[in-house]
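Undergrad: Listed here are the chains, written in short residue letters.
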Amino acid sequence: MASKVRVETTINGEPTEFLCEPRQSLLECLRDVLHLTGTKEGCNDGNCGACTVVMNGALVTSCLVLGPEAQGARIETVEGIAKGNQLHPLQQAFLEEAALQCGICTPGFLVASKMLLEKNAQPTEQEIRLWLANNLCRCTGYDKIIRAVQKAATQMAEVKA
Amino acid sequence: MNEFEYRAPQTLAEALADYSAHPSAKLLAGGTDLIVQMRAGRKTPDVVLDIKHIAELNELSYDAAKGLTLGAAVPCHIIHNSDVVKREYPALAELAGIIGGTAIQGRASIGGNLCNSSPSADSIPLLIAMGAICRIASAKGERTVPVESFCTAPGRNVLEPGELLVSLQIPAKSKGTGSYYLRFIPRNEMDIAVVGAGVEVTLSDGKISAARVALAAVAPTPLFVTEAGAALIGKEPGSEAFEAAAQAARNAATPISDMRGTVAYRKHLCAVITRRALEAAVAQAKERQ
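Residue numbers (numbering that gives the first Met the number 0), protein chains in the order written: chain Y, 0 to 160; chain F, 0 to 288.
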């Protein structure tokens, strides 16, 4: 066994420390070391987006990040999206629009969609589809996901107004 | 994945000393190629040097005389959203938004795309067309190499053991210069080019005074087609000149048949994609006069 390294990071605003082997991905560290199992493993090679998290303000597939790279980083995962028991408008809209079936892709879609709406509060359908092209869903056919993102965008704009 | 030691040098000097002591180490920037290759067992380094904490590799600066300095580890999403890149090199800003998807662009760098040296790499034809120069450093010193001379075979390039790509220097663009990268993919996004063309043209007094054309995915390396550029110089920008360049691109291509397309299909696409890329570059050149 290779020697483990200590990683100090911030996850969903909480200073967090963990030990990992350099060859463990951030995805494995989140799930197997920190037991934050909201982030899912799909393809494990950067194509499917199920493991998408935010790292230092950038959307990344956590399967293509090494655990030690999280040193000093700010990580945001699906666990940080709801405020306690109150769902984020995106989560609520995903439920209402039935934008999920098996649910494996959903955390990645939520994390990616949240960042989209932070950058572009009223995206067009084309902009949503292009932004979410890095996230694959084999259940819904995408239309329901697009509708959910549009609905959340509308609701968030109403709350602001 | 095999075991390895992870190190994150903080300065260029530290990285070069470490790399020179361990030339079999692999360099990690965005990891979107390297980590996939390591997980598949195609690369089994004993040391991984994470080079993205080094200031020179993160530089993104513009100077009207020197042009753009693009650090080798700058991720695509920074390039895509950079105001100076959008203003001075719109084709480069657009390119950085089509490599992989959003979460790949959060990590992947143009320098890494170049060093991975795939014949189908999207960034390389545009870098060649824009006249980009590689700044390469090792513990022994530095050298520069034009991007068109960088790749030597699929996945191979001129970097010697212990040498790393520090940055790319892209000349400032005079008025009347337009650039464009266009690729053909069967999907709308998240795909590998069947054929790609990077072009740059400069217009003066209604004629093309300079032109560079390079192709992706039609040869063992990204292909700089000097004949296509030569076919454009001195001509009025229009279908006759574009067609001559398109035919030169088709003639220069030596593609293979694979799951993405046959030889005949790719050669046909070379002409189509080159012509359309030239139309877009000329339109941009006219806007920028």
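The hints are simulated quantities; they were obtained by calculation from the structure and are not laboratory data.
Values in this document were obtained by computation on a predicted structure and should not be read as measured data.
One or more of the hints may lead you astray.
Below, in silico cross-link-like pairs of lysine-lysine (BS3-like), each with a Cα-Cα straight-line distance of 25 Å or less [claimed, not checked]:
id : chain 1 : residue 1 : chain 2 : residue 2
1  : F       : 25        : Y       : 118
2  : F       : 285       : F       : 174
3  : F       : 285       : F       : 65
4  : Y       : 150       : Y       : 82
5  : Y       : 159       : Y       : 118
6  : Y       : 3         : F       : 42
7  : F       : 25        : Y       : 3
8  : F       : 234       : F       : 206
9  : Y       : 143       : Y       : 118
Computed footprint of chain F on chain Y, listed as stretches where at least three residues anywhere in the stretch have a Cβ under 8 Å from a Cβ of chain F [stated by the list, open to error]:
id : region
10 : 61-72
11 : 141-152
The beta-carbon is built from N, C-alpha and C at its ideal position, and this holds for glycine as well.
Undergrad: Tell me if the straight-line CA distance from residue 234 of chain F to residue 206 of chain F falls inside 25 Å.
TA: With a Cα-Cα distance of about 5 Å, the restraint between residue 234 of chain F and residue 206 of chain F holds, given a limit of 25 Å.
Undergrad: Mind taking a look at whether chain F covers the region 61-72 of chain Y? Criterion is 3 or more residues with CB to CB distance under 8 Å.
TA: Holds, because 7 residues of the region 61-72 of chain Y bring their Cβ atoms closer than 8 Å to Cβ atoms of chain F.
Undergrad: Is it true that the CA of residue 25 of chain F sits at most 25 Å from the CA of residue 118 of chain Y?
TA: Between residue 25 of chain F and residue 118 of chain Y the Cα gap is close to 34 Å, so the pair fails against 25 Å, i.e. violated.
Undergrad: For the pair supplied as a hint, residue 285 of chain F and residue 174 of chain F, confirm whether the alpha-carbon distance does not exceed 25 Å.
TA: holds (9 Å)
Undergrad: Residue 25 of chain F and residue 3 of chain Y were given as a pair; does the straight-line alpha-carbon distance stay at or below 25 Å?
TA: holds (19 Å)
Undergrad: With a cut-off of 25 Å on the C-alpha distance, tell me whether residue 143 of chain Y and residue 118 of chain Y pass.
TA: Holds - the C-alpha atoms of residue 118 of chain Y and residue 143 of chain Y are around 21 Å apart, at most 25 Å.
Undergrad: If you look at each residue in the region 141-152 of chain Y, do at least three have a Cβ nearer than 8 Å to any Cβ of chain F?
TA: It is violated, with 0 qualifying residues against the three required.
Undergrad: Is it true that the CA of residue 150 of chain Y sits at most 25 Å from the CA of residue 82 of chain Y?
TA: Holds, at roughly 19 Å.
Undergrad: Assess, step by step, whether the Cα of residue 159 of chain Y is no farther than 25 Å from the Cα of residue 118 of chain Y, and give holds or violated.
TA: Since the Cα atoms of residue 159 of chain Y and residue 118 of chain Y sit roughly 15 Å apart, the hinted pair holds (cutoff 25 Å).
Undergrad: Would you mind confirming whether the straight-line C-alpha gap from residue 285 of chain F to residue 65 of chain F stays at or under 25 Å?
TA: holds (23 Å)
Undergrad: Going straight from one Cα to the other, do residue 3 of chain Y and residue 42 of chain F come out at no more than 25 Å?
TA: holds (21 Å)
Hint compliance for this structure: hints 1, 11 are not met, and every other hint is.
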